[in-house]
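A.B. asks: In our numbering, the protein residues as written are 25 to 98.
Mixed in with the good hints, there may be bad ones.
Here are the simulated distance ranges between beta carbons [stated by the list, open to error]:
(1) V30 / A68: 29 to 39 Å
(2) T41 / N75: 27 to 37 Å
(3) L60 / L92: 32 to 42 Å
(4) V79 / D35: 16 to 26 Å
(5) V30 / N75: 30 to 40 Å
(6) T59 / E31: 30 to 40 Å
(7) R63 / H42: 10 to 20 Å
(8) L96 / S76: 19 to 29 Å
(9) A48 / Q71: 13 to 23 Å
(10) L96 / D35: 12 to 22 Å
(11) N69 / V30: 35 to 45 Å
No lab work stands behind these hints: they were computed from the structure.
Here a beta-carbon is modelled for each residue, glycine too, at the ideal position from N, C-alpha and C.
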Amino acid sequence: MRGGLVELGVDVDEYTTHIYRRTAATLIERAAGITLASRLLGHANEQTTRNSYVVTADIVDPVTAEILDEVLGE
25 MRGGLVELGV
35 DVDEYTTHIY
45 RRTAATLIER
55 AAGITLASRL
65 LGHANEQTTR
75 NSYVVTADIV
85 DPVTAEILDE
95 VLGE
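Can you make the complete structure from the sequences, with help from the hints?
C.D. replies: In structure tokens:
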């Protein structure tokens, strides 16, 4: 995936594993619900997942969404 991001001109050194965890949790929550996202992250309760990891669609930067769609082949 790093190669795809570099090709898009994204500075990959700005990204951390937390960003990838947050992205995965958000995608799983949208597809299958907060319970599965919480289990994926190993949280004891869903509120932790909701408060710290899952991002609602209305606050996701459209540029970020475009980049992820292109890199992930959506």
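A.B. asks: Kindly indicate which numbered hints from before are broken by the structure, ordering the numbers from low to high.
C.D. replies: 2 and 3
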